[in-house]
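Whenever a hint applies, use it, and build me the whole structure from the sequences.
Chain order of the listed sequences is A and B.
The opening position of the first sequence corresponds to residue 18 in the numbering used here, with each subsequent residue numbered one higher.
The opening position of the second sequence corresponds to residue 4 in the numbering used here, with each subsequent residue numbered one higher.
Just so you have them, the derived chain B footprint on chain A, three or more residues with Cβ under 8 Å:
#1 48-60
#2 63-74
#3 108-114
#4 117-126
Keep in mind that the hints were calculated from the coordinates and are not lab data.
Every residue gets a Cβ at the ideal spot worked out from N, C-alpha and C, and that includes glycine.
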Amino acid sequence: DAGVIQSPRHEVTEMGQEVTLRCKPISGHDYLFWYRQTMMRGLELLIYFNNNVPIDDSGMPEDRFSAKMPNASFSTLKIQPSEPRDSAVYFCASSLGPGAGAFFGQGTRLTVV
Amino acid sequence: TQLLEQSPQFLSIQEGENLTVYCNSSSVFSSLQWYRQEPGEGPVLLVTVVTGGEVKKLKRLTFQFGDARKDSSLHITAAQPGDTGLYLCAGLFWAGGTSYGKLTFGQGTILTVHP
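Printed below as a string of structure tokens:
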């Protein structure tokens with residue numbers, strides 16, 4: 018298995034632009050997580066899905082952030098409009114179930130200028 | 004919001020020394036996981052502990068889960084430069100309702116092992 022695949026690896030965009038991050042989880046994994054990592058705040062859980070259904074989005078910073086999982090093999094995290102404070106590394110992870118251990122992608126480094 | 008506190012935040016040691024990293028919370032974990040992250044990569048799972056008092060060993064790494072399932076430790080024996088990285092603990096808390104998969108991470112411990 019290729020593992021969790023994220024794209025793009027790097028994204029530089031101007032403030033106010035829409036940004037879409039993409040994730041392909043490991044086949045057969047029922048859980049998908051979106052995290053954001055910064056030096057100041059560490060690894061923060063934004064939202065997670067179970068069987069394509071959003072279960073907990075309490076970590077989503079504000080309405081500018083949205084996430085979808087239209088099928089078991091694809092998820093997106095969208096920021097519209099983007100702001101400089103959104104600059105961070107965004108990780109997608111998937112797992113077989115609670116407590117099973119999460120497998121992370123390589124992340125998308127987002128820079129908003 | 005469940006908080007996981009890791010200590011120390013930074014650890015710089017010489018090759019061959021032993022070290023311990025701690026992870027504490029005021030909440031009870033359903034399970035706890037330890038990850039290691041290298042620069043430019045995502046965290047990689049090292050171990051999962053589920054039972055209070057559980058001890059797991061992975062070569063030179065020993066993981067312990069507290070009896071009350073509120074704390075955990077990672078002990079590395081005879082550290083090597085290849086152990087350098089960010090070590091993260093992550094707790095699975097039952098947040099009520101259907102939110103039983105919420106995996107929350109500590110701030111991490113940056114370990115540097117000098118040759």
